[in-house]
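Those sequence lines, one after another, are chains A and B.
Going by this note's numbering, 331 is the number at position 131 of the first sequence; the sequence numbering is gapless.
Going by this note's numbering, 704 is the number at position 17 of the second sequence; the sequence numbering is gapless.
It should be emphasised that the hints constitute simulated quantities derived from the structure, not laboratory data.
It cannot be assumed that every hint is accurate.
What the hints assert, rightly or not - In silico DSSO-like links for lysine-lysine, alpha-carbon gap of 30 Å or less:
1) K766(B) to K752(B)
2) K248(A) to K766(B)
3) K741(B) to K449(A)
4) K494(A) to K741(B)
What the hints assert, rightly or not - Using C-beta positions, here's what the derived DEER-type ranges look like:
5) E401(A) to M716(B): 51 to 59 Å
6) G343(A) to P747(B): 43 to 51 Å
7) G343(A) to D749(B): 24 to 32 Å
8) A457(A) to S728(B): 19 to 27 Å
9) S728(B) to E214(A): 46 to 54 Å
10) E513(A) to E693(B): 20 to 28 Å
11) K406(A) to D727(B): 48 to 56 Å
12) E704(B) to Q442(A): 50 to 58 Å
13) M716(B) to W425(A): 56 to 64 Å
14) K752(B) to A457(A): 33 to 41 Å
15) A411(A) to G743(B): 38 to 46 Å
16) G743(B) to D396(A): 17 to 25 Å
Cβ coordinates follow ideal geometry from the N, Cα and C atoms, glycine included.
Listed below are the residues making up each chain.
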Amino acid sequence: MPAVIKDLRPERDEKFARIISVGGYRPPRIVTNAEVCERIDSTDEWIKERSGIESRRWAGPTESVVDMAVAAAEKAISKAKITSDQISAVIVATITYPYQTPSAATDVALRIGNPKAAAFDISAACAGFCYGVGLANDLIRGGTAEYVLVIGVEKLTDFIDLDDRSIGFLFADGAGAVLIGPSSTRGIGPTVWGSDATAREAINQKSSWLALKPGDVHENPDLHWPEIQMQGQAVFRWAVWQMAPIATKALEAAGVAAADLDAFIPHQANARIIDAMVKALALPSHVPVSKDIKNSGNTSAASIPLAMEAMLESGEVASGGTALLIGFGAGLVYAAQVVQLP
Amino acid sequence: MAHSAEEVLAGLAGIVEEVAGIPASSVLMDKSFTDDLDVDSLSMVEVVVAAEEKFGVKIPDDEVKNLVTVGDAVNYIVKAGL
């Protein structure tokens, strides 16, 4: 007879999970459209009209992905009023950590003073933060973790061609972290997620790292840094008309009506996508919609926690409010959930 | 469902007015969406999606870049609806 597998860990009274705190890190350097236009053939008006962006933050050469992640994490930990050794797992969502291994998450764990925490990175591009929130919720509810730190962080300026007029104005740098922990009430609704892998090429890296392997980049002019590129029209179409029904499904799965939302915090991809999505969703006009992109640009995995922090700090939405989150991006991949704001 | 070129032009003109705020009367067959009507690439996607819905046709992403003039779009939709 096979051995009976038991779970002998003490049972927790709190069966659910919630976001306890949020912290953001915005690099100090503000880059205006005028400055961007010194590198690309464009205008302030064109950029504002196409993207809603007025300025963005670019990290400096000495500000790394992990530096930004740690700054955001420390803010979230201090607001949560816990100590870092209480964190069971560190999840970092990023596509711009420039090391294959070890992960960014292990360095974050080390630098926040908890080198024993489970730590791993996830690669789900602009959906990465919502993937992380879904994972953290399940880890806590499943008893595998007590407190989980979820960080979305990107230094996209390292991976895009800043001289490319179709993309150089759009992407930016930053980090946002949330501390997720046990709760006696349900603070995170079901995650509706998935992919559309047939459109993998819509946002991709131009070539494999292996293309750089044969020789020294400086000696071989045929070798190019494999930047991230995007088919703007195809992504716009997918993001608006395929993602609005996903947002609706997340609301339905959580039993929350759109009219009862206190905030809609979509990935800050482009203000035009957000506007069209709000229209496609038929979101009631009294629900505040984050437009953090205006002064942040598109920070991929970092955009939702940064937007969340900004909405809470400005008083646009109150702590404890109900918000719909949706992340979508390269893969193409997506995830959405309704959460109670910290 | 088959549509005549006149029906499609009238419907498309209404969509362009709705999406981009350009008077329907200036949406004529020989006009270029970008150069004459100032419809930008993202508004063009909105026009295409609305046209798909209105005329019950599919306009793939790869096709959108070939629709330079209003006439290109009208002809594509008429053919796709046959």
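The hints, checked one at a time:
Straight-line distance between C-alpha atoms of K766(B) and K752(B) comes to about 17 Å, which keeps the hinted pair within the 30 Å bound. Under the criterion of a C-alpha separation no larger than 30 Å, the hint pairing K248(A) with K766(B) is inconsistent with the structure, at around 37 Å. This hinted pair checks out: K741(B) and K449(A) have alpha carbons roughly 25 Å apart, not beyond 30 Å. Between K494(A) and K741(B) the alpha-carbon distance is near 33 Å, which puts this suggested pair outside the 30 Å criterion.
Evaluation of the 51 to 59 Å hint for E401(A) and M716(B) yields a failure: the beta carbon distance comes to about 34 Å. Range check, G343(A) to P747(B): Cβ separation about 47 Å, and the 43 to 51 Å hint holds. Against the hinted window of 24 to 32 Å, the Cβ-Cβ separation of G343(A) and D749(B) comes to about 49 Å, which falls outside the hint. Checked against the hint of 19 to 27 Å, the pair A457(A) and S728(B) fails, with Cβ atoms roughly 35 Å apart.
For S728(B) paired with E214(A), a C-beta distance near 49 Å keeps the hint of 46 to 54 Å intact. Taken as a hint, the range 20 to 28 Å is violated for the pair E513(A) and E693(B), whose Cβ atoms sit roughly 55 Å apart. Hint check: K406(A) to D727(B), Cβ distance near 25 Å, so the stated range 48 to 56 Å is violated. Between E704(B) and Q442(A) the beta carbon distance is about 26 Å. The supplied range of 50 to 58 Å is therefore violated.
Between M716(B) and W425(A) the beta carbons are some 45 Å apart, a value that contradicts the proposed interval 56 to 64 Å. The supplied range of 33 to 41 Å is met by K752(B) and A457(A), whose beta-carbon atoms lie about 40 Å from each other. Checking the proposed 38 to 46 Å range against A411(A) and G743(B) shows it holds: the Cβ atoms sit about 44 Å from each other. Here the CB-CB span from G743(B) to D396(A) is close to 23 Å, well matched to the stated 17 to 25 Å.
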